[in-house]
Structures are given as C-alpha cells and as structure tokens.
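Q: Chain residues, written in single-letter form:
Number of protein chains: 2
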Amino acid sequence: MTTAITDVEQTVRRIAEKALHASRRLAPVASADKNAALERLAELLASPETEALLAEANARDLHTAEEMELSEAMKDRLRLTPERMRAMAEGARQVAALPDPVGAVLESRRHAKGFTIEKVRVPLGVVGIIYESRPNVTIDCAILCLKSGNATILRGGREAFHSNRALAELVRRVLREGGLPEDAVQLIPTTDRAALTTLLHADDCIHCLIPRGGEGLIRFVAEEARMPVIKHYKGLCNVYLDREADAETAIRVTVNAKCQRPGVCNAAENLVVHEELLGTVFPRVARALSEEGVLLRGDGAARAACDQVGLPCDPVREEDYATEYLGKILSIRTVGDIGEAIDFINHYGSGHSDAILTENPEAARRFQTEVDAASVYWNVSTRFTDGFEFGLGAEIGISTDKLHARGPMGLTELTSYKYLIRGEGQIK
Amino acid sequence: MTTAITDVEQTVRRIAEKALHASRRLAPVASADKNAALERLAELLASPETEALLAEANARDLHTAEEMELSEAMKDRLRLTPERMRAMAEGARQVAALPDPVGAVLESRRHAKGFTIEKVRVPLGVVGIIYESRPNVTIDCAILCLKSGNATILRGGREAFHSNRALAELVRRVLREGGLPEDAVQLIPTTDRAALTTLLHADDCIHCLIPRGGEGLIRFVAEEARMPVIKHYKGLCNVYLDREADAETAIRVTVNAKCQRPGVCNAAENLVVHEELLGTVFPRVARALSEEGVLLRGDGAARAACDQVGLPCDPVREEDYATEYLGKILSIRTVGDIGEAIDFINHYGSGHSDAILTENPEAARRFQTEVDAASVYWNVSTRFTDGFEFGLGAEIGISTDKLHARGPMGLTELTSYKYLIRGEGQIK
Numbered sequence: 001m002t003t004a005i006t007d008v009e010q011t012v013r014r015i016a017e018k019a020l021h022a023s024r025r026l027a028p029v030a031s032a033d034k035n036a037a038l039e040r041l042a043e044l045l046a047s048p049e050t051e052a053l054l055a056e057a058n059a060r061d062l063h064t065a066e067e068m069e070l071s072e073a074m075k076d077r078l079r080l081t082p083e084r085m086r087a088m089a090e091g092a093r094q095v096a097a098l099p100d101p102v103g104a105v106l107e108s109r110r111h112a113k114g115f116t117i118e119k120v121r122v123p124l125g126v127v128g129i130i131y132e133s134r135p136n137v138t139i140d141c142a143i144l145c146l147k148s149g150n151a152t153i154l155r156g157g158r159e160a161f162h163s164n165r166a167l168a169e170l171v172r173r174v175l176r177e178g179g180l181p182e183d184a185v186q187l188i189p190t191t192d193r194a195a196l197t198t199l200l201h202a203d204d205c206i207h208c209l210i211p212r213g214g215e216g217l218i219r220f221v222a223e224e225a226r227m228p229v230i231k232h233y234k235g236l237c238n239v240y241l242d243r244e245a246d247a248e249t250a251i252r253v254t255v256n257a258k259c260q261r262p263g264v265c266n267a268a269e270n271l272v273v274h275e276e277l278l279g280t281v282f283p284r285v286a287r288a289l290s291e292e293g294v295l296l297r298g299d300g301a302a303r304a305a306c307d308q309v310g311l312p313c314d315p316v317r318e319e320d321y322a323t324e325y326l327g328k329i330l331s332i333r334t335v336g337d338i339g340e341a342i343d344f345i346n347h348y349g350s351g352h353s354d355a356i357l358t359e360n361p362e363a364a365r366r367f368q369t370e371v372d373a374a375s376v377y378w379n380v381s382t383r384f385t386d387g388f389e390f391g392l393g394a395e396i397g398i399s400t401d402k403l404h405a406r407g408p409m410g411l412t413e414l415t416s417y418k419y420l421i422r423g424e425g426q427i428k
Numbered sequence: 001m002t003t004a005i006t007d008v009e010q011t012v013r014r015i016a017e018k019a020l021h022a023s024r025r026l027a028p029v030a031s032a033d034k035n036a037a038l039e040r041l042a043e044l045l046a047s048p049e050t051e052a053l054l055a056e057a058n059a060r061d062l063h064t065a066e067e068m069e070l071s072e073a074m075k076d077r078l079r080l081t082p083e084r085m086r087a088m089a090e091g092a093r094q095v096a097a098l099p100d101p102v103g104a105v106l107e108s109r110r111h112a113k114g115f116t117i118e119k120v121r122v123p124l125g126v127v128g129i130i131y132e133s134r135p136n137v138t139i140d141c142a143i144l145c146l147k148s149g150n151a152t153i154l155r156g157g158r159e160a161f162h163s164n165r166a167l168a169e170l171v172r173r174v175l176r177e178g179g180l181p182e183d184a185v186q187l188i189p190t191t192d193r194a195a196l197t198t199l200l201h202a203d204d205c206i207h208c209l210i211p212r213g214g215e216g217l218i219r220f221v222a223e224e225a226r227m228p229v230i231k232h233y234k235g236l237c238n239v240y241l242d243r244e245a246d247a248e249t250a251i252r253v254t255v256n257a258k259c260q261r262p263g264v265c266n267a268a269e270n271l272v273v274h275e276e277l278l279g280t281v282f283p284r285v286a287r288a289l290s291e292e293g294v295l296l297r298g299d300g301a302a303r304a305a306c307d308q309v310g311l312p313c314d315p316v317r318e319e320d321y322a323t324e325y326l327g328k329i330l331s332i333r334t335v336g337d338i339g340e341a342i343d344f345i346n347h348y349g350s351g352h353s354d355a356i357l358t359e360n361p362e363a364a365r366r367f368q369t370e371v372d373a374a375s376v377y378w379n380v381s382t383r384f385t386d387g388f389e390f391g392l393g394a395e396i397g398i399s400t401d402k403l404h405a406r407g408p409m410g411l412t413e414l415t416s417y418k419y420l421i422r423g424e425g426q427i428k
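The listed protein sequences derive, respectively, from chains A and B.
Per my numbering, the very first residue in the first sequence carries number 1; after that it's consecutive.
Per my numbering, the very first residue in the second sequence carries number 1; after that it's consecutive.
Just so you know, the hints here were simulated from the structure itself, not pulled from any lab data.
It is possible that part of the hints are untrue.
Chain copies aren't distinguished; within one or between two, either way the pair holds.
Claimed, not checked - Dumping the calculated SDA-like pairs for lysine to any residue here, alpha-carbon to alpha-carbon at most 20 Å:
1. K234 - A322
2. K119 - T412
3. K328 - E292
4. K428 - P262
5. K328 - D100
6. K119 - L106
7. K119 - E107
8. K328 - E56
9. K234 - N346
10. K119 - A394
Start from the sequences, fold in the hints, and give me the full structure.
A: Here it is in structure tokens:
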C-alpha cells in the first residue's frame, strides 16, 4: 500500500520536474514555431484518422460512464461529437492567429547611471490545470498555454480519462514532430487522490494552478495548493433595477441576463429592485421573466407587488441570495436606495459580474465605483463577461480573485514579466 | 483556555471585517485627500510631541528586549532613533508626491454591439502585512497601502509591540482628522499565534498578504494562508563570469555585488566562473574579493586556481550553493559553458537577481532569456534591484513569485483592475 502511494507520488514528481525543464525550453521558442504546431494540431484534429482514434477512446469513457450510472447531463458533457472536434480544431486555428504576448517590452527606462532597465513579458512557466469531465478542456487549455509559452500539466477527471489521454497524446505528437519539447504538455496518468495532493505541493516546479469545475474541487485546490491558484468559486451575478431604470431596458436586459443561457457563470441569479419601482417597472420585468419560465422568489415587498398583478412569487430565504441556481430561478430583493443595493451585492455577490440599469449617470458612476466586482455593467447584460467578447481572443477561465488576473483570463494573463538590465559595468 | 482563544479569534475577525468595510470607503477617495493625510503624517512624525510619545513606547520595547536578552543586532533594528523618525516622515512626503495609480484607464474598447469596455485600475482592497522587529515597517507599509487606496492590517512582532502600536495610532489619528476611515489602518493587538492563524484564514476579508521577515515566518504564512501571498523566501543572487568577461568590469561588479552591503537580499552569494578564466580573470577577481575580507569557498578547479596565486579558498559543499550567507562569504562554481552556468543558476538561485559579465552580446542575450529570475543583469551589479532604483518610487517588498508582482513591488503592484461596461441596453 505504502509502496503504491510512493509510486504515484514519484510519477507525479517526475512529471512536474519534466514540465519545469520543458517550460525552460519552450519559453524562448519563436511565435512562428508555436503557431505552426497549433495549425498542425488543427489539421490533425479534423482528420478522419484522429476522429476514429478519439471516437474509440471516447467510447471507452462513455461505457464506463454507463457503468458508473452518470447522469445524462454528465454523459453529454463527456461526449466528443464531430461538431466538438471541429470546434477544437477551430479553437487551435484561432489561437494561432492571436498575437503572441511573450517578448513584448512593457516598460523601458534609463537609470541615472546610464544603464537601461527593460520590463519584458515572459511565460509564467508551468501551469497546472485541474478539471472535470469535459474532454475539450484538455485541448482548450493546452493550446492557450502553448501559445503563451507555458508548459501544462493536465489533471482531468476519471470519467474522461481515455478521451483526455488520446487528446494529450495528439498534442504531444505535434510538439515532437515540430521539434518542440513534448513534455510541455503532460497528462497525469492517474486520477488517484495522492497524485493530486503531490501535484498541489509541487510549488518548486509549478507556478500557477487553474482549477475548473465544481466549487468543492476548487475549494480543495485553493486550500491544499502551495502555489498561486487562479479561480472563481462561483458566478453569483446581480442585476439592480435603479429608481431611474428605463422600463424597456430593464425588461430586455434582465430577461437576457437570466434566460439567454441560465447554466453559465455570467447569468444573473439575484434581482435587486428599488422600492419605488415595485408598482411600475418591476411588475413588467417580473411578468417577462415569468413568461420565459423563470420561477421567482422574493422578499415580502416583491411578493406583494407580484401578487397585485397576479404573478406567482415564492418566499425567498436568506441563503437563496447566496445560491448560484444555474437554472431558471431568480431571487429578488427590494432596497430603499442605491447604497443598500451596493451593500447587498458586495455581501452576496461573488465579484464576477453585476449590472445597474438606470438612466441616471451619477447613480451608474457610484454603482460602478463601489461594487467590488471584476465586471460592472451599466445598461448592458452581464452575459457579455467572456474572453472573446472582451477582445482577449480566448479565455482559459474567469477569475474572481484580485491578484494577477481579474475577470476573463486570456493569453496575456498567462504571462509574467522580468526585468532585463544592460550596462557597462555600473556599480552601486 | 478555550474562551481565551475564542476571544482572540473574534477580535481578529472583527478587525478583518472592519478593514474590508474601510477598504470600500477608502477606494474612491480622491488623491488630494490621501496626499493631505500623508503630508499631515509627515508633519506629525517630525513633531517634538510625537517624538516624546514614540520614545516612551520604544523604551518599553527596548526594556522588554533587554529582559528577553535579544542580540545587539535585534535591539538595533528595534530602536526608533530621531534619524529613523525623520526617514519615516521623509518617506511619507515622498509617497505623497508619487502619482496615484488608482483610476488609471488601462484599456478601452468598443464592442461590435456599440457598448464600451474600460479596464480601470482599482485598489486590491485589504492588504495584510506580517513582519518582524523593525517598527518603521509599520509606517512604510501603511503609507504605501494608503496611497494606493488599500486598507492595511498590520501584524508586527512581539518585541516591537508598543512602538508599532504608537505608530499605528498616529496614522489612525491622521485618518480620523482627515475625514478618512481610521480602520483603513489597524494593528493586531496581540502577537498570539491563534490571532495569526485566524488572520491567515480570513480570505473573505483580506485580499493579499505580504510577509516580511525570516524564511521560517514566510514559509509558515505561505503554507497556512488561504489568500494570495506575495513573498520572497530569500535572495540567492548569482554572478556569472562568462568566457568573454572584461577583467576590469568583472572585478568592479563582482566586488560591488558581494561587498557593498552583504546583508541585503540583492547581494551576490554565488560566483559562477567559466573554466577558461581560471588562469586569467578569475584570480584577479578572487584577489579583489579577498582584499575586501571575503572568505572564498570553491570547487576543486577554483581552489586549484586560487592556490596557484597563493589565495586561500575553502572547499565548498553542495548545500553552500543554496545558502544565503548575508555576510562576507562567497561560494564559487566552475562551469564548462554558459548552458551549464544557466542550469546551475536556475537550480540554486532564488529567482531574485542574477548577473552575467561578458563582452559577448549573444551570450548576454541567451543568459537574459534563459535565466528564470525577476531581474537579470548584463554588466551591472545586482545591488540595483530596488523599487527606487527601478523608478517605482518606493517598494513594499520584492517578489520572487511570478504571479501579479515580480521583482520590486511598488504602488502599481498594490492595485488590481476592474472592467466597467457602459451601454444602452445591449443584450447577447
């Protein structure tokens, strides 16, 4: 038993050390070489040969999923359809076309003694990705890390093991054939817990961890990891209907924020309503939501307002305001003024995306200043928080932390910097 | 016993919550108001009234230090001399004069649907500083955090408790009188371990921790903390004498890097020598170091070379290369080529500051690309790694991590950013 654990630990340590070594070889690689590898990967992903290979691996995972009696939703996320394969290929092509952040000179200055100090963008080094079920995350993360010059260690879920392995092998083959270090992309070959713990303690080799998945997994990683972790626990987004909200904007944006895709992290979960709207704008918004099939949960004032116009509205519990439904349920809170709305959002929100709907620029300014979130919207739907929409080209995740990356995290956020000092023998 | 621990925990929790609240009030404060507070603090620090107050508090700490039989070096660091008081006042004035990073628009773009996305610099929120002995750190950190709009929680060492409390009270008085939230600067009123642990777990209130002190303290903080930690464990700086090093530059820079102030983190600890210099440049460098009182420890080749010219050189042990002497001892390693030098430095260095001395631009380019450190020097002394020297105006610390801040950490590194989206009802 002890020997078995030690074996797993040794395997993971060796992977971490090989990743560190590979990261140093990958860091100075020219953009053209990285892009060629990405283009080649796109080609391979679209080839019938690869399709057959991946179909077989995926079938094995789906068979296990059947045996594990996973839900239909889980099995759907697991499935590698031809459409998803094409999406991965397209992703690789898109990332190849993005500008390479590495090597950019961020600042340059001359010291009084005559030497120069340049601040230059460099890769982070080794990035660990810890994720669940969806096998396309393997490709999405590997290509973003590759483009930004980082080595990746992938630790996927047990249910997607064969699919992940086949995809990782594909990337490694491309790296090898392109003369790049193949250990720049490695998959942990076991889903053993000891392997994960060893990974989380390897802060001498891994510079950053990005956990993607359920809140339980993310909390475990954040608490156990010795290296920096970039994460978002949840997307608890709030929409505030200000006293001076325009009715049409309020209806359109609230319905979009809640209903356009309720299962994602930038969908709204709480609606905060100024009390003066309870007899005017709010019932129209509530009706529109109701017609979209949203179940409303409100405080006393909101329920009374709904009752007046014959709309169903269940009582809300305090803990509902902290719940990410990821479905068609909405919690409603009535407030007496904008200060109360801001306090509510700072208390219950997750710092992801919050919106104010108002025609009053002063209220909007105050809301955008005082709400402590990565993205704060004024008369725009929260659904736009996304790397593509923000012009980052792609995203490896969305951070609700404040250090390093906040909000959508693209290629630039996968880099660090270093200072290069050049002189002629200057001393202090 | 249990009750006592709970009291301490409650006290710390309350401090953390008050800090979070104060940080939200401080974030939008205008630069002029923050600067006025800093100027007022400078004034107060230079007043005879304050001097008397602090002298009394400091005397109590020095008395305890006497009883604790602390070393002379420790007692010296503890002492608040009139000169040190003036330096703190001067520091407050200098920070007031620096540009305010908060509010800067970092990027701005228009989405295809017509709304704007602005990336704006904001304070981090609440910054925890965990430090030992030197009471002036209380002022240095409080003023940098104040200027960058952050609330600070200070946790100093037991030996400086009364001095720290008097200094923190001074800042709080200035905040109060200036109409700013006084809880933006709070000192943990106990040096109890339970208080520290409670602090390290309060990731719902504290956004970043900066430990300053010995490696033991820093490792404890990094392992126990649930929030991001910005740190450097040690400054293990290397100087590499390349095959094409100029003799005069090699002597001048190596002596400066080692001897100008051996007790600081940017001083050199290892000298890496290309084997072709063993009979030429190296003995002259070794002699110059020896004349400055540096004890040399070398591998076989280096010792033989020293022996040839009658210079003493002790045998070096492998662990010496990983030792931050902070004194006049230097470990020497001979290498066959630049690749070996780079591997040595990436293995034993701490990613702080490393230098190559060479007249060959290609060697310099390779060294600066491949050495994985915050500051990489070419023909300049490592002693320049410092916030003032790098043009940051001041520094709260030096980071050897790669996320968020790398190298000297100034006001800008004490900020995050947020996205402000403004539109006219756009939906996805």
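Q: Compare the structure with each hint and give your call.
A: Hint by hint, here is what the structure shows:
1. K234 - A322: within (10 Å within a copy, 42 Å between copies)
2. K119 - T412: Answer is both: 14 Å inside a copy and 14 Å across each meet the 20 Å cutoff.
3. K328 - E292: within (9 Å within a copy, 75 Å between copies)
4. K428 - P262: between (60 Å within a copy, 13 Å between copies)
5. K328 - D100: neither (40 Å within a copy, 44 Å between copies)
6. K119 - L106: For K119 and L106, the Cα distance is within 20 Å both inside one copy (5 Å) and across copies (17 Å).
7. K119 - E107: For K119 and E107, both the intra-copy (5 Å) and inter-copy (19 Å) Cα distances are at most 20 Å.
8. K328 - E56: For K328 and E56, neither the intra-copy (36 Å) nor the inter-copy (64 Å) Cα distance is at most 20 Å.
9. K234 - N346: For K234 and N346, only the intra-copy Cα distance (14 Å) is at most 20 Å; the inter-copy one is 37 Å.
10. K119 - A394: Between copies only: 17 Å across, 25 Å inside.
Of the numbered hints stated above, those contradicted by the structure are hints 5, 8, listed in ascending order.
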